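Asker: Here's the letter readout for the chains.
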Amino acid sequence: MCHAHREFGRVVVAAIPMVLVAILLIAGCPQKPQESTPPAQPTTGPGATGAGPAKAAPPGGATVIQAKGSDTLLQVAQALAEEYQTQHPELEMSVTGGGSGTGFQALIEGTTDIADASRKIKDEETQAAKAKGIEPVEHLVGYDGIAVIVNKANPLKQITIEQLSDLFVGQTKDWRALGGTGEVVLVSRDSTSGTYEYFREHVIQKGDKDSPRDFAASAVMAPSTTQIRDQVAQTKTAIGYIGLGYLDDTVKAVPIVDKAGKAVLPSIATVRDGTYPISRPLFMYTKQGVAPALQAYLDWIVGPEGQRIVEQEGFVPLTK
Amino acid sequence: MRRLRRLWEKLIEGAIRVSGVAAIVFVALILGFLLKDALPVLRTTTLGELLVGHEWRPTATEPQFGFLPLILGSLLVTVGALAIAIPLSVACATFLAEVAPRGVRDLVKPVVELLAAIPSVVFGFVGLVVIGTALQKAAVSTSEAVPGPEWLKAALNMPTGMAAITGALMLALMTLPTIVTISEDALAAVPRSYREGSLALGATRWQTIVGVTLPAAKSGIIAAVMLGIGRAVGETMTVLMVTGNAPVIPSLTSGLFRPVRTMTATIAAEMGETAHQTPHYHALFMLGALLLLTTFAVNTAADVVMRRGKHVERR
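Protein chains in written order, with the numbering used here: chain A, 13 to 332; chain B, 2 to 316.
Fair warning: there could be bad hints in the mix.
[Unchecked claim] Think about it this way: if two alpha-carbon atoms lie no more than 20 Å apart in a straight line, the pair counts; the simulated DMTMM-like pairs of lysine to aspartate or glutamate are:
no. : chain 1 : residue 1 : chain 2 : residue 2
1   : A       : 218       : B       : 63
2   : A       : 274       : A       : 174
3   : B       : 138       : A       : 174
4   : B       : 110       : B       : 186
5   : A       : 271       : A       : 186
6   : A       : 221       : B       : 63
If you are wondering where the hints come from, they were derived from the structure by calculation, not from laboratory data.
Note that the structure is predicted; figures quoted are calculated from it, not measured.
With the hints as constraints, model all of the structure from the sequences given.
Answerer: The following block contains the structure:
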């Protein structure tokens with residue numbers, strides 16, 4: 013056996029994984045946005061850009077409608093999806109959370125049909141979407157109040173937006189300034205959350221987007237809203253903020269003092285008539301030009317049946 | 002017939018070689034992809050600024066990408082975990098290898114290995130719901146009861162159960178099986194002649210364990226500890242759930258009992274929403290590259306220590 017054979021064998025053996033990897037790389041390289049298999053009917057919607065609608069399998073398979081994004085909307089999105097699916101068994105509905113930011117990312121990358129959002133889309137996100145040929149369309153699906161919660165042992169009776177802002181930027185570190193005792197523990201969502209963004213803009217920055225004020229670095233960042241609620245329920249000196257739909261009797265909601273000086277408790281009624289100062293619209297974003305199946309779902313959501321579910325989950329339905 | 006057998010063997014040998022080389026290729030590729038998306042962050046800031054920066058505020062109006070709170074957070078939780086885990090695991094390994102009767106050993110060893118099989122999210126859940134609240138209650142009553150200066154009381158106090166020490170405790174439980182298993186193997190590998198020689202010279206069993214067996218197994222135990230370090234530094238889900246994720250520089254007196262944020266939790270929490278190819282995106286990749294290089298360094302060190310140990314034994 014001469015050495016040349018062995019050397020050649022070694023080269024071949026070393027080359028095989030390289031070749032495999034090269035194939036994987038080429039296959040995985042980003043290509044032009046793929047057209048999914050066209051559905052049986054033409055896409056509707058004015059100025060449809062022709063990009064992939066709700067993923068449709070060839071006739072005989074189930075149509076999948078995928079929603080991703082806001083944790084605030086997660087429960088109501090799931091409830092809506094479940095109800096709609098029982099009425100339309102030919103569809104497959106899928107709902108995941110991750111935060112409004114995650115939903116927008118997924119919409120831009122084309123991995124979701126609906127982006128659930130508890131805030132408006134940011135300019136950078138719109139630009140990123142347009143750069144990929146996607147025109148985001150906003151659908152208003154309801155309203156939500158953000159309840160400021162404290163532990164049930166906390167004697168706090170009411171609070172103003174200024175006081176909240178000072179608390180959450182870390183200026184007020186002790187409850188003594190507000191008639192209580194102990195070191196303030198701030199519990200917040202993490203930065204993927206639309207609730208976090210909304211709270212920062214409208215409470216911490218008091219509505220001024222260019223304000224340098226920001227959450228205190230010492231604020232605990234919980235990965236989910238239920239964790240905020242549980243932490244506040246367990247920790248005597250904690251204060252946090254959750255969507256109205258998550259409010260229950262393990263925590264105490266603090267009335268917010270509105271511009272007229274009146275302290276308002278968060279509830280469906282006060283959010284609907286606009287008296288509760290920290291309320292926000294809830295959205296579902298899609299591409300422009302969606303398949304009829306998806307459009308029908310969106311229409312159903314803003315219709316009486318969908319809105320009834322929105323209200324059941326603790327959110328404020330669109331005024332009829 | 003023989004030629005066929007030869008060919009078959011060559012084929013299998015080749016397939017195994019391919020797998021070996023493929024492993025190296027995959028690791029190199031991962032490092033390459035990480036660096037490809039990490040290096041662009043150096044366009045807007047220097048590596049020094051990143052490593053020493055005090056503030057991690059990636060979504061602020063003026064984004065700041067300081068790694069220091071995250072690095073220190075990971076360090077605090079890891080060191081805390083090891084401080085708990087090392088004495089416990091080495092003692093456990095010694096017990097299993099030297100002291101335990103066969104029946105006890107056959108029971109305890111699989112149970113310790115079972116700890117390694119528990120998913121990290123379960124540790125996170127238990128840490129959050131059970132350990133965190135228990136620790137907080139204990140800390141609050143201790144800080145109230147202990148006489149002494151204000152700073153001591155404040156240091157011992159735990160305003161919330163989501164703190165570095167909760168993370169350290171859960172991580173200690175997770176690294177325990179790693180260190181125990183490898184240390185126990187190292188101890189079992191010490192030649193009988195060492196023990197017999199020591200006992201023949203009149204030493205007691207304990208003196209033998211402490212003076213002869215443990216030092217002989219030292220390199221294996223150190224290697225085990227380093228692998229434990231690697232595991233602790235890279236753990237994500239547990240620390241994401243229990244440490245509170247507050248990007249602060251841990252204070253010297255009370256940092257252990259306050260929320261911190263680790264590098265792994267930062268990547269896990271923020272990667273999902275970050276728009277691709279933004280400075281935040283690149284900063285997160287740089288953080289990931291830093292993590293990978295740390296685990297590389299630790300694993301390489303463990304390897305060197307283990308090899309040196311084997312070399313010594315051959316004498």
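Asker: Can the restraint linking residue 271 (chain A) and residue 186 (chain A) be considered satisfied, given a maximum Cα separation of 20 Å?
Answerer: At roughly 25 Å apart (the allowed maximum being 20 Å), residue 186 (chain A) and residue 271 (chain A) break the hint.
Asker: Hinted pair, alpha-carbon criterion (20 Å max): residue 110 (chain B), residue 186 (chain B). Please report holds or violated.
Answerer: Holds - the C-alpha atoms of residue 186 (chain B) and residue 110 (chain B) are around 11 Å apart, at most 20 Å.
Asker: For the pair supplied as a hint, residue 274 (chain A) and residue 174 (chain A), confirm whether the alpha-carbon distance does not exceed 20 Å.
Answerer: holds, 14 Å
Asker: For residue 221 (chain A) and residue 63 (chain B), compute the direct alpha-carbon distance and say whether it is at most 20 Å.
Answerer: holds, 12 Å
Asker: Straight-line Cα separation of residue 138 (chain B) and residue 174 (chain A) no greater than 20 Å?
Answerer: Violated. Residue 138 (chain B) to residue 174 (chain A) sits at ~32 Å, over the 20 Å cutoff.
Asker: Between residue 218 (chain A) and residue 63 (chain B), does the CA-CA distance stay at or below 20 Å?
Answerer: Holds, at about 17 Å.
Violated hints for the displayed structure, listed by number in ascending order: 3 and 5.
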